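There are 2 protein chains.
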Amino acid sequence: MANYVFGVDIGGTTVKLGLFDVGGNVLDKWEIPTRTENGGANILPDIAGSVRDKMKEKGIAAADVAGVGVGAPGPVDGNGIIHKAVNLGWGEMNLKKELGALLNGMRVEGGNDANVAALGEMWKGGGQGYRNLVAVTLGTGVGGGIIIDGKILTGATGSGGEIGHIHVEDHESEACGCGNYGCLEEYASATGITRLANRRLQASGEDSVLRGAEVSAKTVFDAVKAGDKLAVEVAGQFGEYLGKGLAVIAGVVNPEIFVIGGGVSKAGEILFEYIRPAFDRTVFHGCKNTKFALATLGNDAGIYGAARMVLD
Amino acid sequence: MANYVFGVDIGGTTVKLGLFDVGGNVLDKWEIPTRTENGGANILPDIAGSVRDKMKEKGIAAADVAGVGVGAPGPVDGNGIIHKAVNLGWGEMNLKKELGALLNGMRVEGGNDANVAALGEMWKGGGQGYRNLVAVTLGTGVGGGIIIDGKILTGATGSGGEIGHIHVEDHESEACGCGNYGCLEEYASATGITRLANRRLQASGEDSVLRGAEVSAKTVFDAVKAGDKLAVEVAGQFGEYLGKGLAVIAGVVNPEIFVIGGGVSKAGEILFEYIRPAFDRTVFHGCKNTKFALATLGNDAGIYGAARMVLD
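Chains as they are written, first to last, in the numbering used here: chain Z, 37 to 348; chain U, 37 to 348.
FYI, nobody ran anything at the bench for these hints, they're computed from the structure.
Heads up, some of the hints might be wrong.
For identical chains, the list gives no copy identity; a pair is met inside one copy or between any two copies.
Simulated crosslink set (DSS-like; lysine-lysine; CA at most 30 Å straight-line) [what the hints assert, rightly or not]:
no., residue 1, residue 2
1, K187, K132
2, K65, K187
3, K52, K254
4, K302, K187
5, K65, K302
6, K90, K65
7, K92, K265
For clarity, every value in this text was computed on a predicted model and none was experimentally measured.
The following block holds chain Z by itself, in its conformation from the complex:
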């Protein structure tokens, strides 16, 4: 029985790596640059080299490593093959096989970064103690990861948990980054909140601390906490869209808990005051007791979840 496991989270500019014991304690974590040139040909060799260096540094034998889990930004299917990771320059890439070969046959598991982060939050974060959860990341976009019976719901084409692009508004004139109109991401991401606030500032003459100031998800929720009426209305819109969206998700996969992370979640539990009314009003009665919690692992959720993938 091996004692160690590596978790790797590949981002567009840096690769985060973590060395864990099999109980989920992080023993070391570090970063290397993501070299996206030449179609990202160096990324996996760089990771393999960094893993080998760390093993040498710590005096860890290959037999004592359960494996390496990898989260990557793109749709990853159930066989650990990633299909088009635009940010990395990759077309189709068999993470499991390629990285495994570079590490002399060491076990490798691969998953989509948002899904892997969800697994991390289940293991050691805001979803600890639960086996059925939906992680929601409110950052520049809205990401999601669904865990059913302790396992990532990958979906047929690796699009499971792509909750940022569920349709929530029929009357939207601006396109989402994905090309559709009225995606959840257009209202519940940091960018979406900023857009809602700017729209409202333009449409009304109402007084607000946001007027003439920097408008961001952070300043909006700071203003909400200070009792700014216009900001409270914007938070209400945000919560109405997100609450209804999460209620639909609850009716479909019936999780025990939603774990909310990403930059927007830094506003704290006040978010739930805006999400719960629409959630409670529209959710199926069998899902009324679904819990809400904040994510706790921040940017480390990916390396935790990646490591966890190897331990099944």
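Since the structure of chain Z is provided, determine the placement of chain U on it from the hints.
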């Protein structure tokens, strides 16, 4: 290795039973009444007696039976415990344990009837060859069952796949049977289609073959096929709600295929002409190739899926 398996589908008035070989060929099927009196105390003993009678009749030894799968109308958790089957008079009932004891320890598996029917359609029906599917039953209500990697998605409280009660309309004045307003079931069930048609007949003076005639999902789609303009509009509304609802579901669980069953599906493939436009317009691009098919097992989906549960 056993050669036989029983599938049982408990309904409010009759219990359907099927004897299958382990390859999924139905060897016999029959029904017994559901005796709901005395809190449904006779239901499981009746089923056990009927299974034993069939084994005697066919000369099948207990060792040659893989087990008995049971679908029941209510939320069934991952342990085979059903929580409140109102139609049967049951409160909490441990299907697995109680029926197993009545059958001398024979293996019993239990599931929610809609979920079990989805598994049946995967095994031998419209979803054959797929391992990730969502079955949608458009009957008096709208039911659903989600299969991920060949297994039922039960959910934390047995409410997985309760897609009839996802919220799709903010401006609804009539309550759904569940108590909420604007559930998918209010527009996409047989009852919902009838309601949409009656509303439109009342609101407009438009000529229609439906005016003064019996209005039902069947007569509406018959009128659609005859080119009736008002009926086509009603079908458009139905398809808009259902197409958008299924697009959201696709973004969450990313199935390979939707299998559409229930009374409304007797209208045939014409349904897809009304569902696909809204689906294609609003679905996440990674899920654009999701297939649609009609269910093929009708009322037998339950006994097939129940039997299939035992073969894992």
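Results for each hint:
When the C-alpha separation of K187 and K132 is checked against a cutoff of 30 Å, the pair qualifies both within a copy, at 17 Å, and between copies, at 24 Å. When the C-alpha separation of K65 and K187 is checked against a cutoff of 30 Å, the pair qualifies only within one copy, where the shortest distance is 24 Å, while the shortest distance between copies is 37 Å. When the C-alpha separation of K52 and K254 is checked against a cutoff of 30 Å, the pair qualifies only within one copy, where the shortest distance is 26 Å, while the shortest distance between copies is 58 Å. Taking identical chains as interchangeable, the C-alpha atoms of K302 and K187 lie at most 30 Å apart only when both belong to the same chain, with a minimum of 27 Å there against 37 Å between chains.
For a Cα distance limit of 30 Å, the shortest separation of K65 from K302 inside one copy, 23 Å, qualifies, whereas the shortest one across copies, 59 Å, does not. For the homomeric pair K90 and K65, the shortest alpha-carbon distance inside one copy (10 Å) is at most 30 Å, but the shortest distance between copies (63 Å) is not. In this assembly of identical chains, K92 and K265 lie within 30 Å of each other by CA distance neither inside one copy nor across copies; the values are 58 Å within and 75 Å between.
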